[in-house]
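Keeping their order, the protein sequence lines are chains A and B. If you're matching positions, the first sequence starts at 1 in this note's numbering and goes up one per residue. If you're matching positions, the second sequence starts at 1 in this note's numbering and goes up one per residue.
Honestly, the hints are just simulated from the structure, not real lab data. Worth double-checking, as some hints may not be accurate.
[To be verified] Taking lysine-lysine and the DSSO-like style, the derived pairs with C-alpha atoms no more than 30 Å apart in a straight line are:
hint	chain 1	residue 1	chain 2	residue 2
1	B	K383	A	K57
2	B	K32	A	K362
3	A	K383	B	K383
Note that the coordinates shown come from a computational prediction; the quantities given were computed from them, not determined experimentally.
There are 2 protein chains.
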Amino acid sequence: MKTDQKYIEGGVTSPAGFKAAAVRAGIKESRKRDDLSLIVSDLPATVAGTFTSNRVKAPPVKLCERNLIWGQAQAIIINAGCANACTGEQGFQDAERMADLTASTLNIGKNLVFVCSTGTIGIPLPMNKIESALPGLAQALSSAGGAAVAEAILTTDLVKKEVAVTVTLDGKRVTIAGITKGSGMIAPNMATMLAFITTDAAVDQRSLQDCLRHAVDHSFNRIIVDGDESTNDTVLMLANGAAGTGLLQKKHPDWKKFCHAVETVCHELAIKIVKDGEGATKFVTVTVTGAATRHDAHMAARAIAKSPLVKTAWNGGDPNWGRIMAAIGYSGARIEESRVNITFDGVLAVQGGKAASGSSLKDLEAVYAKKEFTVAVDLQSGKGSYTAYTCDLSQAYVSINAEYMT
Amino acid sequence: MKTDQKYIEGGVTSPAGFKAAAVRAGIKESRKRDDLSLIVSDLPATVAGTFTSNRVKAPPVKLCERNLIWGQAQAIIINAGCANACTGEQGFQDAERMADLTASTLNIGKNLVFVCSTGTIGIPLPMNKIESALPGLAQALSSAGGAAVAEAILTTDLVKKEVAVTVTLDGKRVTIAGITKGSGMIAPNMATMLAFITTDAAVDQRSLQDCLRHAVDHSFNRIIVDGDESTNDTVLMLANGAAGTGLLQKKHPDWKKFCHAVETVCHELAIKIVKDGEGATKFVTVTVTGAATRHDAHMAARAIAKSPLVKTAWNGGDPNWGRIMAAIGYSGARIEESRVNITFDGVLAVQGGKAASGSSLKDLEAVYAKKEFTVAVDLQSGKGSYTAYTCDLSQAYVSINAEYMT
Numbered sequence: 001m002k003t004d005q006k007y008i009e010g011g012v013t014s015p016a017g018f019k020a021a022a023v024r025a026g027i028k029e030s031r032k033r034d035d036l037s038l039i040v041s042d043l044p045a046t047v048a049g050t051f052t053s054n055r056v057k058a059p060p061v062k063l064c065e066r067n068l069i070w071g072q073a074q075a076i077i078i079n080a081g082c083a084n085a086c087t088g089e090q091g092f093q094d095a096e097r098m099a100d101l102t103a104s105t106l107n108i109g110k111n112l113v114f115v116c117s118t119g120t121i122g123i124p125l126p127m128n129k130i131e132s133a134l135p136g137l138a139q140a141l142s143s144a145g146g147a148a149v150a151e152a153i154l155t156t157d158l159v160k161k162e163v164a165v166t167v168t169l170d171g172k173r174v175t176i177a178g179i180t181k182g183s184g185m186i187a188p189n190m191a192t193m194l195a196f197i198t199t200d201a202a203v204d205q206r207s208l209q210d211c212l213r214h215a216v217d218h219s220f221n222r223i224i225v226d227g228d229e230s231t232n233d234t235v236l237m238l239a240n241g242a243a244g245t246g247l248l249q250k251k252h253p254d255w256k257k258f259c260h261a262v263e264t265v266c267h268e269l270a271i272k273i274v275k276d277g278e279g280a281t282k283f284v285t286v287t288v289t290g291a292a293t294r295h296d297a298h299m300a301a302r303a304i305a306k307s308p309l310v311k312t313a314w315n316g317g318d319p320n321w322g323r324i325m326a327a328i329g330y331s332g333a334r335i336e337e338s339r340v341n342i343t344f345d346g347v348l349a350v351q352g353g354k355a356a357s358g359s360s361l362k363d364l365e366a367v368y369a370k371k372e373f374t375v376a377v378d379l380q381s382g383k384g385s386y387t388a389y390t391c392d393l394s395q396a397y398v399s400i401n402a403e404y405m406t
Numbered sequence: 001m002k003t004d005q006k007y008i009e010g011g012v013t014s015p016a017g018f019k020a021a022a023v024r025a026g027i028k029e030s031r032k033r034d035d036l037s038l039i040v041s042d043l044p045a046t047v048a049g050t051f052t053s054n055r056v057k058a059p060p061v062k063l064c065e066r067n068l069i070w071g072q073a074q075a076i077i078i079n080a081g082c083a084n085a086c087t088g089e090q091g092f093q094d095a096e097r098m099a100d101l102t103a104s105t106l107n108i109g110k111n112l113v114f115v116c117s118t119g120t121i122g123i124p125l126p127m128n129k130i131e132s133a134l135p136g137l138a139q140a141l142s143s144a145g146g147a148a149v150a151e152a153i154l155t156t157d158l159v160k161k162e163v164a165v166t167v168t169l170d171g172k173r174v175t176i177a178g179i180t181k182g183s184g185m186i187a188p189n190m191a192t193m194l195a196f197i198t199t200d201a202a203v204d205q206r207s208l209q210d211c212l213r214h215a216v217d218h219s220f221n222r223i224i225v226d227g228d229e230s231t232n233d234t235v236l237m238l239a240n241g242a243a244g245t246g247l248l249q250k251k252h253p254d255w256k257k258f259c260h261a262v263e264t265v266c267h268e269l270a271i272k273i274v275k276d277g278e279g280a281t282k283f284v285t286v287t288v289t290g291a292a293t294r295h296d297a298h299m300a301a302r303a304i305a306k307s308p309l310v311k312t313a314w315n316g317g318d319p320n321w322g323r324i325m326a327a328i329g330y331s332g333a334r335i336e337e338s339r340v341n342i343t344f345d346g347v348l349a350v351q352g353g354k355a356a357s358g359s360s361l362k363d364l365e366a367v368y369a370k371k372e373f374t375v376a377v378d379l380q381s382g383k384g385s386y387t388a389y390t391c392d393l394s395q396a397y398v399s400i401n402a403e404y405m406t
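Using the sequences provided together with the hints, build the complete structure.
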């Protein structure tokens, strides 16, 4: 596939016809920065979304799932500092009210408003603070507001995460951009992770939904920080057509170019989450090939990327591949121990299930001393493969999470 | 059931007819203490065993599984410092040789020798050191040697773990005793965990195997330190009949008393492992009741006990029950969020899936400040229940495991 796709500086307000703003509503006393954000499209946009698979789902997630049925969105209201999860009937009323207040402030239909919350579980939203802050938030909307929102949605993240690309589709220059937050509770199937993607292309809703689901499955669902999955994970994508393209859909000649651009944005955002993982000092790509099936590869990669023993060895720069073998062994994947090969950035560590002859501890330590490396496992049992992106487990992870709530 | 069971001081040489010894063979240079141990019964004993479910199995585990088929054992040779796992064909030859050397030194049949190894994965056993140390080890055998073995099998453990009970069976005073090691890589289905249980009762082999499997399922398989499972886990139990009982088996009137005593020994040993968990500062019992099935209860309890976010909150003394709700939600257990109740040592934290009215953060913090407490989850969806024993996740866990190998 040929594409003229290019990275540009920017975020969710880079595509034409989007505005955004963030203010400090004071949702969590101890948080001394913006915590309430709004992303608005000038016109109703086609919307796609994917949500947490956790059976404990926050009310705003349920609201988004319901509104997604209509296929259109014009505004996303987002708060940090409080997840509005495990808040019972009050939580649903509050999520509804957040949508209603936003709709009346913007003078749009309430089914066009999507609501996202992130922060501590089990505490009700301070609705009076949100209500007081909304008029000022709406007034602050601007086409330069994307960066402020990228900051305001963060919780324990250290850096803001924005990606934008341009590509020619249907003869028009189109922009696709996104922002995300999340650094703890990160696991496949998305976890305390929010991402918002905007484009000024015009896109058929079903096609957009399939495109987004595929992109999420190859990006956000492949990252692991700690194996915990949250109650609030949401990825929303809005396509408003402001670039003047015809309606893109699966049979359009530029469809693959479009999907490729969406995948790029999702992939880059996902990588940014892992690199900003709580306490992370190393970025590790885990690839499993030669598995009996893709599912076996997935299980093995996930077990390696989740193992506290493997992750602490990465942290310590200790090329203890025995822990990787043990993780593969208990992963549930069908493997033959004597066929397993493992390389670290191409340096053979394990051959046929045991220490590779000819590889020195020094060479392996040199790889583990890097900030980024790849652990490649070949099970030599089939054609299934899978890639996961993860980080090490450091003492800082523990201190961050031992002190987060109170 | 009435029993006159009593705890006594002692370990594997407390039952009549058992001797043991430990020496320093120098298997791992940096280890400045005994690392080679022998437990011997005066006469061939009935043996039962349970082993790791990891698909990557160390050669000594496979040797034990094979010898278990004969149903009898007279000696267990155990080394620390090297797991003899992921060592290929050489590893099998070394495990066999360890058994052969022990058999010829003791002048017993080689199928009566069981071999256990624990330590670093992927490094071959220094067989010359083991061979040199064996004669001295055999000479040192004594009926007071149990405590020395309890010390010599330890790796990152901080304290030795012995339990002994006496109980009257078939009119004779019988002793049942055990030792164990393990403090990292601890998860259900046993992980870098070795346990050796001896008794001077005479027991039918099939009955002993069933009794041990049940006891292990309710003890060692319920403890979680970090969720990793090892390649070498082994529980072996020897019953030599030296107390002069008739053959105990399932239909014997004292069978339940016997099994109860074995369960007591396994349970106490398992609890000792968790309390000595790598970096552990708190001992937490997680009970799940009211689950749709026992399997659902198991999944929920395991997800809570494994969650790094839950465990770091325990470490920080932060009663952040939202993380427990999230873990229940992603556990795979079939739950209804609005029916979930959670108590901490009887203090209601969550009622109907949200913060319990009337419970204060102060009361919850008081529970979390304790060294030991119970997290009780009632799913109100059925009659399935499960209990897991676990500990917190501390910065010390990370530093221990970041520095272990090299």
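Each hint, compared with the structure:
The hinted pair formed by K383 of chain B and K57 of chain A meets the criterion: a straight-line CA distance of about 24 Å does not exceed 30 Å. Between the alpha carbons of K32 of chain B and K362 of chain A the distance comes to roughly 25 Å, so the proposed pair stays at or under 30 Å and holds. Among the hinted pairs, K383 of chain A with K383 of chain B is inconsistent with the structure: their alpha-carbon atoms are about 43 Å apart, more than 30 Å.
Violated hints amount to a single one, hint 3; each of the other numbered hints is respected by the structure.
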